[in-house]
Amino acid sequence: MSREEVYRDIEEHFGFVPSFAKSLPDDTIEHDWAIFKALCFEEGKLGLKEKNLIGLGVSGAIKCRYCALYHTEMAKMHGATDDEINEALRFAMDTTGWSTFLNGLQVDYDQFKDEMLRIKDYVSKKAEKREVERVAI
Numbered sequence: 001m002s003r004e005e006v007y008r009d010i011e012e013h014f015g016f017v018p019s020f021a022k023s024l025p026d027d028t029i030e031h032d033w034a035i036f037k038a039l040c041f042e043e044g045k046l047g048l049k050e051k052n053l054i055g056l057g058v059s060g061a062i063k064c065r066y067c068a069l070y071h072t073e074m075a076k077m078h079g080a081t082d083d084e085i086n087e088a089l090r091f092a093m094d095t096t097g098w099s100t101f102l103n104g105l106q107v108d109y110d111q112f113k114d115e116m117l118r119i120k121d122y123v124s125k126k127a128e129k130r131e132v133e134r135v136a137i
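When the letters of the sequence shown are read in order and numbered with my numbering, they come out as residues 1 to 137.
Do not take every clue at face value.
For lysine-lysine, the following BS3-like pairs were computed, each having C-alpha atoms within a straight-line distance of at most 30 Å [what the hints assert, rightly or not]: (1) 113 to 125; (2) 129 to 113; (3) 125 to 45; (4) 63 to 22; (5) 45 to 126; (6) 76 to 113; (7) 63 to 37; (8) 45 to 76; (9) 63 to 76; (10) 126 to 113; (11) 113 to 63; (12) 120 to 49; (13) 37 to 22; (14) 113 to 45; (15) 120 to 45.
Have a look at the derived ranges for each label pair, beta carbon to beta carbon [what the hints assert, rightly or not]: (16) 103 to 82: 40 to 50 Å; (17) 111 to 4: 55 to 65 Å; (18) 95 to 136: 31 to 41 Å; (19) 111 to 82: 33 to 43 Å; (20) 5 to 108: 51 to 61 Å; (21) 34 to 93: 26 to 36 Å; (22) 11 to 66: 13 to 23 Å; (23) 135 to 11: 18 to 28 Å.
Please keep in mind that the hints were generated in silico from the structure rather than gathered at the bench. Beta carbons: idealized from backbone N, C-alpha and C, even for Gly.
Model the full structure from these sequences, guided by the hints.
In structure tokens form, the structure reads like this:
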């Protein structure tokens with residue numbers, strides 16, 4: 001696609017061609033736009049609300065105000081409530097906090113992995129037991 005064709009496609013999605021899109025180089029604009037469009041406008045294994053809540057959490061972690069604004073507005077447009085946005089950001093905050101702690105302590109990864117798999121097995125068995133008990137009632 002030519003730059004003009006990409007611009008027409010961008011215009012169909014945004015109503016105009018924003019300045020950040022105009023700054024994409026000629027040799028990557030088609031590729032960059034195709035990836036952006038697929039991830040941000042098409043349902044996949046995740047819905048658009050979920051994708052944007054993830055994007056918001058990542059943008060908070062990397063401190064990108066551009067991405068934070070975009071993903072907040074897109075998450076809301078796709079039905080995210082203020083409570084869901086808050087929960088996504090609290091989850092990102094907790095994840096980055098634990099990452100800082102574990103990496104700073106240089107916790108042994110193999111031991112951590114073994115323990116996490118044991119925890120997963122235990123929690124899975126508890127959930128299965130609760131489901132059996134719920135169905136039996």
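Q) Hint by hint, which ones does the structure fall short of? A) 6, 16 and 23
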